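Asker: Working from the sequences, and respecting the hints, build out all of it.
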Amino acid sequence: GAVVSQHPSRVICKSGTSVKIECRSLDFQATTMFWYRQFPKQSLMLMATSNEGSKATYEQGVEKDKFLINHASLTLSTLTVTSAHPEDSSFYICSAIWGVNTEAFFGQGTRLTVV
Amino acid sequence: KNEVEQSPQNLTAQEGEFITINCSYSVGISALHWLQQHPGGGIVSLFMLSSGKKKHGRLIATINIQEKHSSLHITASHPRDSAVYICAVWRMEYGNKLVFGAGTILRVKS
Numbered sequence: 001g002a003v004v005s006q007h008p009s010r011v012i013c014k015s016g017t018s019v020k021i022e023c024r025s026l027d028f029q030a031t032t033m034f035w036y037r038q039f040p041k042q043s044l045m046l047m048a049t050s051n052e053g054s055k056a057t058y059e060q061g062v063e064k065d066k067f068l069i070n071h072a073s074l075t076l077s078t079l080t081v082t083s084a085h086p087e088d089s090s091f092y093i094c095s096a097i098w099g100v101n102t103e104a105f106f107g108q109g110t111r112l113t114v115v
Numbered sequence: 116k117n118e119v120e121q122s123p124q125n126l127t128a129q130e131g132e133f134i135t136i137n138c139s140y141s142v143g144i145s146a147l148h149w150l151q152q153h154p155g156g157g158i159v160s161l162f163m164l165s166s167g168k169k170k171h172g173r174l175i176a177t178i179n180i181q182e183k184h185s186s187l188h189i190t191a192s193h194p195r196d197s198a199v200y201i202c203a204v205w206r207m208e209y210g211n212k213l214v215f216g217a218g219t220i221l222r223v224k225s
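Protein chains in written order, with my numbering: chain A, 1 to 115; chain B, 116 to 225.
Certain hints may be false.
[Unchecked claim] Pulled a few chain B residues facing chain A out of the computed Cβ check, cut under 10 Å:
#1 F133
#2 I144
#3 Q152
#4 G157
Keep in mind the hints are simulated off the structure, nothing from the lab.
Since we're looking at a predicted model, the values are computed, not measured.
Ideal Cβ positions, reconstructed from N, Cα and C, are used throughout, including at glycine.
Answerer: Next up, the structure:
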């Protein structure tokens, strides 16, 4: 299957700082990328959907000023957690597709710990 | 009631056993995914199917659109198959949005 690379896999940051997570599709052009958050022992929760060259669509309850998403090219989307707080500590994972309702490919995920 | 229901929630098997994980959904879909999530967290797409049956190695996925049901089978299970298996559907009305089941935690003992 296609490869989606997510970086970093693990990050620890101090409260109040910002953290950027990158999601790259390595061997295909991703027209849409998704950002998910996963709490322990729970399923994936969609945070936002980003289409290349346009603003991300955020799910209800997700603060767009706190979780900044940029999808500047067909192979790269970034999620920036701004002014991080301990409650932002979680597992974040991206996925990418080409087209509509096609096979989704997932990154390795990022474990964020805010201290 | 969740739109995507998986069973069982937890499954422990002996190495070599045949395993079946079930997924039922209550909405119209365009396709269904079976995903595998390992303890490290990364997710691998095993299958995407919209009809019939697909096979890859020891894994077989089937879907019955009329009954709104899919199964994932693992033949000759191995400890390395231990993971969380997640069923997810592309809902017709949502466009590009996957709806996930809660996952099945599989542990294969040697």
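Asker: Checking against the hints above, which ones are violated?
Answerer: Hint 1 is the one this structure does not satisfy, whereas the remaining hints hold.
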